[in-house]
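Protein chains: 2
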Amino acid sequence: MTELIDPVDRKALDRVVADLEAAWNAGDGSAFGKPFSDNADFVTIRAEHFHGWDAIAGGHAAIFRTIYAQSVNHCTVESERLLRPDVALMHVRSVLDVPSGPLAGRHNAIFSMVLTRESPGWQIASFHNTVRPPSVPV
Amino acid sequence: MTELIDPVDRKALDRVVADLEAAWNAGDGSAFGKPFSDNADFVTIRAEHFHGWDAIAGGHAAIFRTIYAQSVNHCTVESERLLRPDVALMHVRSVLDVPSGPLAGRHNAIFSMVLTRESPGWQIASFHNTVRPPSVPV
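These protein sequences, in sequence, are chains G and S.
Quick note on my numbering: the first sequence kicks off at 1 and runs consecutively.
Quick note on my numbering: the second sequence kicks off at 1 and runs consecutively.
Treat the hints loosely; a few may be bogus.
Restraint ranges, calculated between C-beta atoms of paired labels, are given here [unchecked claim]: (1) G:G121 to S:A104: 24 to 34 Å; (2) S:R65 to G:P99: 42 to 52 Å; (3) G:D97 to S:N108: 25 to 35 Å; (4) G:P134 to S:Q70: 26 to 36 Å; (5) S:P134 to G:A55: 34 to 44 Å; (6) G:R15 to S:A22: 36 to 46 Å; (7) S:H51 to G:N108: 14 to 24 Å; (8) G:G121 to S:L4: 34 to 44 Å.
Hints listed in this document are in silico derivations from the structure and should not be mistaken for laboratory results.
No residue lacks a Cβ here, since even glycine has one placed at the ideal position from N, Cα and C.
Turn these sequences into a full structure, and let the hints steer you where they fit.
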């Protein structure tokens, strides 16, 4: 069962992606963590599995100070659908430019997110990210 | 909101993972695709995004004949929770041993799945896989 997304929900879901992108580009770990639920699951491109808002916000604050300092992330929503009226599935392509350090260069990735509609609005319950190997065409 | 999983649902969800593992180890693409919904999303370790049963079953049939021929996959459920009474989120660790070819060796990965309860039972709506780089401890 897949439900159509009405324009209001689509706008709110796209806003979550825009907020993540803005938080990344501001190097703001706390803002990055904000759309996540307290017990969210987060799988990194290194297959690490973090749980909860604190770990997600804190982990991002750390990488924004170090390996991804001054990096610029550009996100494009590839697909979004409702699995239930209050459960959304999104797939987002990201292009990350890292200016310096061990990861300097451009990195392409795709992340999926599952969001649930809660009283404050849509919250991310699950985030999973995979980087595209250089051998795979964009 | 997270709901507890009752034993019947837990058994059914764990069975989906066991079925995927058995299908992989039998090299059976059709069986591998069976638990997926018709319009499922599938993200590979190469950040490729496939849609639908046909692409998932066909793609796996192809890799079972080639790069992953005779490989053995061992899956362990790491976590599972209900996002709604009829929507489950699972995280599964996999250890894949490939006997020969360009990918010979052991590969560790984590995949997440979102499953929805449909009339035939639990079906996979979303599957996302990330391989662990050798530099990351197990």
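*Could you see if the CB distance from S:H51 to G:N108 stays within 14 to 24 Å?*
19 Å, holds
*Using the C-beta atoms of G:P134 and S:Q70, is the stated range 26 to 36 Å upheld?*
28 Å, holds
*Lying within 42 to 52 Å: is that true of the beta-carbon distance S:R65 to G:P99?*
43 Å, holds
_Does the beta carbon distance between S:P134 and G:A55 stay inside 34 to 44 Å, or does it fall outside?_
24 Å Cβ-Cβ, so the 34 to 44 Å window is violated.
*Is it true that the C-beta distance of G:D97 to S:N108 lies inside 25 to 35 Å, as the hint says?*
29 Å, holds
*Confirm or reject the claim that G:R15 and S:A22 have a C-beta distance inside 36 to 46 Å.*
42 Å, holds
_A range of 34 to 44 Å was offered for this pair. Does it hold for the Cβ distance of G:G121 and S:L4?_
Since G:G121 and S:L4 have Cβ atoms about 25 Å apart, the given range 34 to 44 Å is violated.
*S:A104 and G:G121 - C-beta distance against the hinted 24 to 34 Å*: Check failed, 48 Å falls outside 24 to 34 Å.
The structure shown violates the earlier hints numbered 1, 5 and 8.
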